[in-house]
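These protein sequence lines map, in sequence, to chains A and B.
Take 1 as the starting number for the first sequence in this note's numbering and just add one per residue.
Take 1 as the starting number for the second sequence in this note's numbering and just add one per residue.
Derived from the structure by calculation, the hints contain no laboratory data.
Note that CB positions come from ideal geometry on N, CA and C, so glycine has one too.
One thing to keep in mind: the hints can contain errors.
In silico negatives: residues of chain A with every beta carbon more than 12 Å from chain B [unchecked claim]:
{"#": "1", "residue": "E3"}
{"#": "2", "residue": "D145"}
{"#": "3", "residue": "G158"}
{"#": "4", "residue": "T159"}
{"#": "5", "residue": "K237"}
{"#": "6", "residue": "S241"}
{"#": "7", "residue": "N244"}
{"#": "8", "residue": "T258"}
Straight-line C-alpha distance at most 30 Å; calculated BS3-like pairs for lysine-lysine [to be verified]:
{"#": "9", "chain 1": "A", "residue 1": "K48", "chain 2": "B", "residue 2": "K89"}
{"#": "10", "chain 1": "B", "residue 1": "K13", "chain 2": "B", "residue 2": "K89"}
{"#": "11", "chain 1": "B", "residue 1": "K209", "chain 2": "A", "residue 2": "K250"}
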Amino acid sequence: MSEKTREICTVVSQESIGAGIYSMWIQTDRIAADAKPGQFVSLYTNDKSKILPRPISLCEIDKENGRLHLVYRVTGQGTGTDEFSQMKAGDTIPVLGPLGNGFPVEKAEGKTVFLMGGGIGVPPILELAKQMKCEKKQIIAGYRDCHTFLREEFEAAGTLYIATEDGSVGTKGNVMDAIRENALEADMIYACGPTPMLRAIKKYAEENGIECYISLEERMACGIGACLACVCKSREKDAHSNVNNKRICKDGPVFLSTEVEI
Amino acid sequence: MDMSVNIAGVEWKNPVTVASGTFGSGAEFADYVDINKLGAVTTKGVANVPWAGNPTPRVAEVYGGMMNAIGLQNPGIDLFCERDIPFLKKYDTKIIVNVCGHAPEEYLAVVERLADQPIDMMEINISCPNVNAGFLAFGQDAHHVEELTAQIKKIAKQPVIMKLTPNVTDITEIAKGAEAGGADAVSLINTLTGMKIDINRKTFALANKTGGVSGPIVKPIAVRMVYQVAQAVNIPIIGMGGISCAEDAIEFILAGASAVSVGTANFHNPAVTLEVIDGIEAYMKKNGFNSVKEMVGIVK
Chain A
1 MSEKTREICT
11 VVSQESIGAG
21 IYSMWIQTDR
31 IAADAKPGQF
41 VSLYTNDKSK
51 ILPRPISLCE
61 IDKENGRLHL
71 VYRVTGQGTG
81 TDEFSQMKAG
91 DTIPVLGPLG
101 NGFPVEKAEG
111 KTVFLMGGGI
121 GVPPILELAK
131 QMKCEKKQII
141 AGYRDCHTFL
151 REEFEAAGTL
161 YIATEDGSVG
171 TKGNVMDAIR
181 ENALEADMIY
191 ACGPTPMLRA
201 IKKYAEENGI
211 ECYISLEERM
221 ACGIGACLAC
231 VCKSREKDAH
241 SNVNNKRICK
251 DGPVFLSTEV
261 EI
Chain B
1 MDMSVNIAGV
11 EWKNPVTVAS
21 GTFGSGAEFA
31 DYVDINKLGA
41 VTTKGVANVP
51 WAGNPTPRVA
61 EVYGGMMNAI
71 GLQNPGIDLF
81 CERDIPFLKK
91 YDTKIIVNVC
101 GHAPEEYLAV
111 VERLADQPID
121 MMEINISCPN
131 VNAGFLAFGQ
141 DAHHVEELTA
151 QIKKIAKQPV
161 IMKLTPNVTD
171 ITEIAKGAEA
181 GGADAVSLIN
191 TLTGMKIDIN
201 RKTFALANKT
211 GGVSGPIVKP
221 IAVRMVYQVA
231 QAVNIPIIGM
241 GGISCAEDAI
251 EFILAGASAV
261 SVGTANFHNP
271 AVTLEVIDGI
281 EAYMKKNGFN
291 SVKEMVGIVK
């Protein structure tokens with residue numbers, strides 16, 4: 001029966017941690033307790049002219065205090081994310097979640113792992129890195145420039161390799177360049193980032209026979225699997241849709257790389 | 001307080017349903033809404049065979065609303081009858097199955113398949129392009145609407161609601177066509193065709209180029225059309241288009257709608273339908289109405 005609901009959450013803290021990148025902690029009643037790495041929440045604006053929720057991935061989950069850490073990019077002036085960035089401690093925000101399936105963190109046990117994040121796909125890798133128990137934890141984070149947000153948190157969670165597009169920190173280039181430059185190897189990959197990056201990782205994983213989980217994104221409307229806006233192509237016919245489409249918000253956002261076409 | 005309404009012989013416990021495509025077949029929303037409380041559930045459109053829908057992006061936000069071009073992705077009538085109808089039968093609500101097709105024979109195949117199904121009503125989406133008529137939507141030509149309605153009525157075992165597109169010069173002509181074809185009710189409005197350009201990517205915001213505009217921004221147009229149709233036909237009207245609160249729903253009822261559908265607002269708050277139902281009841285109490293029926297079309 002209907003037991004889930006939109007929660008009115010309270011902002012605990014908010015700070016800018018890079019060019020257009022904001023870090024916000026929110027206090028929840030129930031969402032944090034149920035949350036897993038790789039899941040997301042829908043945030044609703046208070047501006048009545050904006051109808052759709054903004055899906056934001058979970059960067060950290062503090063179950064003990066019922067708090068969620070959200071790190072997000074402001075997509076432009078006057079946007080929903082711009083509104084969120086102006087919220088201060090004590091302000092309230094409607095939140096639905098946790099949504100989506102999350103990363104299968106337990107599969108990493110005993111494995112040599114790459115945890116790869118690119119751009120605003122970096123934050124969800126943090127909670128995954130914190131929870132993961134594996135043989136070797138290699139975190140590869142790709143940034144545009146020297147704004148290497150969450151760097152200290154990642155350094156505390158595993159071995160960090162950084163790639164920057166402008167070469168200001170770490171390897172010049174993308175996360176794949178960082179793997180090559182440091183001659184890294186893995187038998188398990190978890191990744192989140194822009195589609196071209198995920199496409200390259202998927203290809204690398206399949207060529208090398210590595211089990212690989214990728215977190216996809218797409219324009220969403222409902223966020224709960226009903227409207228069929230955010231689909232991706234699946235290799236096999238999907239049991240729910242009865243066509244070769246999977247719902248990113250409900251069946252994902254995390255997919256085994258071999259089950260989807262991107 | 002009598003919240004019930006009677007739409008073409010089918011008694012709903014209250015006048016609120018959901019707009020097709022915004023609620024799936026209810027399964028995803030059941031976690032957030034007690035479906036037993038809805039007057040009816042209107043399902044996402046179903047065709048005779050599975051449809052894969054359009055490429056992504058399929059949605060975009062616009063000021064006061066959104067646009068969609070999902071392309072009527074659906075699992076096909078066989079899986080729908082096997083899975084979605086039995087799911088909805090677990091609830092104490094009326095079931096309205098929305099039907100889509102590219103050609104009359106496709107609609108008819110679905111209507112025929114629904115004949116022995118335990119559903120209460122069917123709603124026909126005539127905003128789809130008709131492959132036999134130069135891809136003009138069925139709903140854009142009153143004669144096509146009358147003809148298709150008559151064909152459907154010949155084989156339908158449940159009351160037929162024709163869902164009208166607002167992308168026409170005179171919606172009353174289309175509504176009269178549906179009534180002449182024997183429709184038991186009409187529902188309106190479907191989405192208004194729009195376009196959004198992504199100036200950063202320098203291309204269309206939707207992969208389909210155009211999409212259907214919905215949400216609060218379309219409400220005044222929808223209320224006007226419901227009012228016009230209410231003056232033109234004698235069959236019940238299910239009003240929709242941007243309803244996001246009880247006050248919106250009441251506007252449609254006063255303009256002539258016997259029932260209302262909540263659509264895009266489900267994306268903003270999955271439990272909004274319950275607020276709309278409670279709000280209508282509160283309005284009735286405050287304004288001395290004993291039944292919803294007393295309010296229908298009183299603004300002339």
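Once the closest CB in chain B is found, is it more than 12 Å from A:T258? About 20 Å separates A:T258 from the closest Cβ of chain B, which puts it past 12 Å; holds.
Non-interface claim for A:E3 versus chain B (Cβ beyond 12 Å): violated (7 Å)
Whether A:S241 stays farther than 12 Å from all C-beta atoms of chain B, as the label says: Since the minimum Cβ distance to chain B is about 6 Å, A:S241 lies within 12 Å and the statement is violated.
Could you let me know if the closest chain B CB is still more than 12 Å away from the CB of A:G158? With a cut-off of 12 Å, A:G158 remains clear of chain B, as the shortest Cβ separation is near 33 Å.
12 Å cut-off, C-beta based - A:N244 kept clear of every residue in chain B: Its Cβ does come within 12 Å of chain B, the nearest being 7 Å, so this is violated.
Mind checking the alpha carbons of B:K209 and A:K250 for me, to see if they're no more than 30 Å apart? holds (26 Å)
Is the nearest Cβ of chain B still more than 12 Å from the Cβ of A:K237? violated (9 Å)
Over 12 Å to the closest beta carbon of chain B is the bar; see if A:D145 clears it. holds (19 Å)
Verdict on A:T159 as a residue remote from chain B, using beta-carbon distances over 12 Å: It holds; A:T159 is separated from chain B by about 36 Å at its closest Cβ, greater than 12 Å.
Does B:K89 sit within 30 Å of A:K48, going by the straight-line distance between their CA atoms? This hinted pair is violated, its Cα atoms lying about 35 Å apart.
Are the Cα positions of B:K13 and B:K89 separated by 30 Å at most? Satisfied, since the Cα-Cα distance of roughly 16 Å is no more than 30 Å.
Checked against the numbered hints above, the structure breaks hints 1, 5, 6, 7 and 9 and satisfies the rest.
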